[in-house]
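Colleague: Listed below, chain by chain, are the residues.
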Amino acid sequence: MHEVAQFNPSLDGVAVARAVRSRNRQRRTMARALKLIAKSSLHQFFDDPINWGQWSRQVANAALYGNDEALDAEIQRCEALQAAAREHGPEGEEAGS
Amino acid sequence: MPETTIELIDRMIESAVGRFREELKKALRELRSEPREDRAAAPEQADASGETPGDEATPTAKEAVTELADMADKAVLTLANAAEQMVAIHEQILRKAIIVEQHLDDRRRMSKALQLIAQPRDDAQPVMWGLWSRGVARAALLGDEEHLARVFKAVAKHAAAREEATDA
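Residue numbers (the numbering used here), protein chains in the order written: chain A, 1 to 97; chain B, 1001 to 1168.
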């Protein structure tokens, strides 16, 4: 889990700035994970060994433990999937019509 | 209505500037009313070269008053500028504090949502859990505290029911 940065009024300016930066980094990581989950959909997991529920849990855990690398990899993978779906989408519609 | 910090600073500055002005006015009044006997005696103190000591350097009473008035104006202006800067800095600090407060709220809400999504659960219904997680994530990003509170309540109720069932 992330180390929780507690505010301590006796800290010097540098320490406070460091704590604020650490908190901001945690906030950004959490926001990225939540965006990833919020944009997810069932079709992403049709050909996946992992199911939607498990995947959401893994992404949430990665964010809570500050695992930015895993999160980055997952974001890139999902973006690639979405791009492929966009490319595939119009063709599918044309074929259908 | 309680006085805000900005109002308090404003009032203190107004009061300080007011007192400063009063003091200066008093000093100027005293200077104007002071008889300049020293100037009448000055020519008698001329030295061998015929120059009065300090004649060039010593200003007349009128010049001294004007100079002092200029200095007072400058001092008041400096004080007023400093006060303005102080208020501006205080406003900046307040704005920053509000942003930090918002960030803390966001962080707390997001952490809560992620903990909900990350909790261990029965994987028999992955689609349902996927939809549920997506709903929680969207609520956290949109700042929907009510939705999150409802989810928390439901999760707590579910956990209590499960514990009761296990005990039985």
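Warning: the hint list may mix true and false statements.
To be verified - Some, not all, of what chain A presents toward chain B, calculated at C-beta under 10 angstroms:
#1 VAL14
#2 ARG18
#3 VAL20
#4 GLN26
#5 ARG27
#6 ALA38
#7 TRP55
#8 GLN58
#9 VAL59
#10 GLN76
#11 ARG77
#12 CYS78
#13 GLN82
#14 ALA83
#15 HIS88
Said to hold, decoys possible - One-sided excerpt, in silico: chain B residues whose CB lies under 7 angstroms from chain A:
#16 ILE1013
#17 SER1015
#18 VAL1017
#19 MET1110
#20 LYS1112
#21 LEU1114
#22 ASP1123
#23 GLY1130
Stated by the list, open to error - In silico lysine-lysine, DSSO-like type, Cα no more than 27 angstroms apart, as pairs:
#24 B/LYS1026 <-> A/LYS39
#25 B/LYS1062 <-> B/LYS1025
#26 A/LYS39 <-> B/LYS1112
#27 B/LYS1062 <-> B/LYS1074
#28 B/LYS1074 <-> B/LYS1026
#29 A/LYS35 <-> B/LYS1025
#30 B/LYS1112 <-> B/LYS1153
#31 A/LYS35 <-> B/LYS1096
#32 B/LYS1153 <-> B/LYS1096
#33 B/LYS1112 <-> B/LYS1096
#34 B/LYS1025 <-> B/LYS1096
#35 B/LYS1062 <-> B/LYS1112
#36 A/LYS35 <-> B/LYS1074
Keep in mind that the hints were calculated from the coordinates and are not lab data. Beta carbons: idealized from backbone N, C-alpha and C, even for Gly.
Colleague: Indicate, hint by hint, whether the structure satisfies it.
Modeller: These are the hints, each one checked on the structure:
{"no.": "1", "hint": "VAL14", "in the structure": "17 angstroms, violated"}
{"no.": "2", "hint": "ARG18", "in the structure": "15 angstroms, violated"}
{"no.": "3", "hint": "VAL20", "in the structure": "8 angstroms, holds"}
{"no.": "4", "hint": "GLN26", "in the structure": "7 angstroms, holds"}
{"no.": "5", "hint": "ARG27", "in the structure": "5 angstroms, holds"}
{"no.": "6", "hint": "ALA38", "in the structure": "4 angstroms, holds"}
{"no.": "7", "hint": "TRP55", "in the structure": "7 angstroms, holds"}
{"no.": "8", "hint": "GLN58", "in the structure": "9 angstroms, holds"}
{"no.": "9", "hint": "VAL59", "in the structure": "8 angstroms, holds"}
{"no.": "10", "hint": "GLN76", "in the structure": "19 angstroms, violated"}
{"no.": "11", "hint": "ARG77", "in the structure": "16 angstroms, violated"}
{"no.": "12", "hint": "CYS78", "in the structure": "13 angstroms, violated"}
{"no.": "13", "hint": "GLN82", "in the structure": "15 angstroms, violated"}
{"no.": "14", "hint": "ALA83", "in the structure": "20 angstroms, violated"}
{"no.": "15", "hint": "HIS88", "in the structure": "21 angstroms, violated"}
{"no.": "16", "hint": "ILE1013", "in the structure": "27 angstroms, violated"}
{"no.": "17", "hint": "SER1015", "in the structure": "30 angstroms, violated"}
{"no.": "18", "hint": "VAL1017", "in the structure": "32 angstroms, violated"}
{"no.": "19", "hint": "MET1110", "in the structure": "4 angstroms, holds"}
{"no.": "20", "hint": "LYS1112", "in the structure": "10 angstroms, violated"}
{"no.": "21", "hint": "LEU1114", "in the structure": "4 angstroms, holds"}
{"no.": "22", "hint": "ASP1123", "in the structure": "6 angstroms, holds"}
{"no.": "23", "hint": "GLY1130", "in the structure": "3 angstroms, holds"}
{"no.": "24", "hint": "B/LYS1026 <-> A/LYS39", "in the structure": "73 angstroms, violated"}
{"no.": "25", "hint": "B/LYS1062 <-> B/LYS1025", "in the structure": "15 angstroms, holds"}
{"no.": "26", "hint": "A/LYS39 <-> B/LYS1112", "in the structure": "19 angstroms, holds"}
{"no.": "27", "hint": "B/LYS1062 <-> B/LYS1074", "in the structure": "18 angstroms, holds"}
{"no.": "28", "hint": "B/LYS1074 <-> B/LYS1026", "in the structure": "17 angstroms, holds"}
{"no.": "29", "hint": "A/LYS35 <-> B/LYS1025", "in the structure": "66 angstroms, violated"}
{"no.": "30", "hint": "B/LYS1112 <-> B/LYS1153", "in the structure": "13 angstroms, holds"}
{"no.": "31", "hint": "A/LYS35 <-> B/LYS1096", "in the structure": "26 angstroms, holds"}
{"no.": "32", "hint": "B/LYS1153 <-> B/LYS1096", "in the structure": "34 angstroms, violated"}
{"no.": "33", "hint": "B/LYS1112 <-> B/LYS1096", "in the structure": "24 angstroms, holds"}
{"no.": "34", "hint": "B/LYS1025 <-> B/LYS1096", "in the structure": "41 angstroms, violated"}
{"no.": "35", "hint": "B/LYS1062 <-> B/LYS1112", "in the structure": "74 angstroms, violated"}
{"no.": "36", "hint": "A/LYS35 <-> B/LYS1074", "in the structure": "57 angstroms, violated"}
Checked against the numbered hints given earlier, this structure breaks hints 1, 2, 10, 11, 12, 13, 14, 15, 16, 17, 18, 20, 24, 29, 32, 34, 35, 36; the rest are met.
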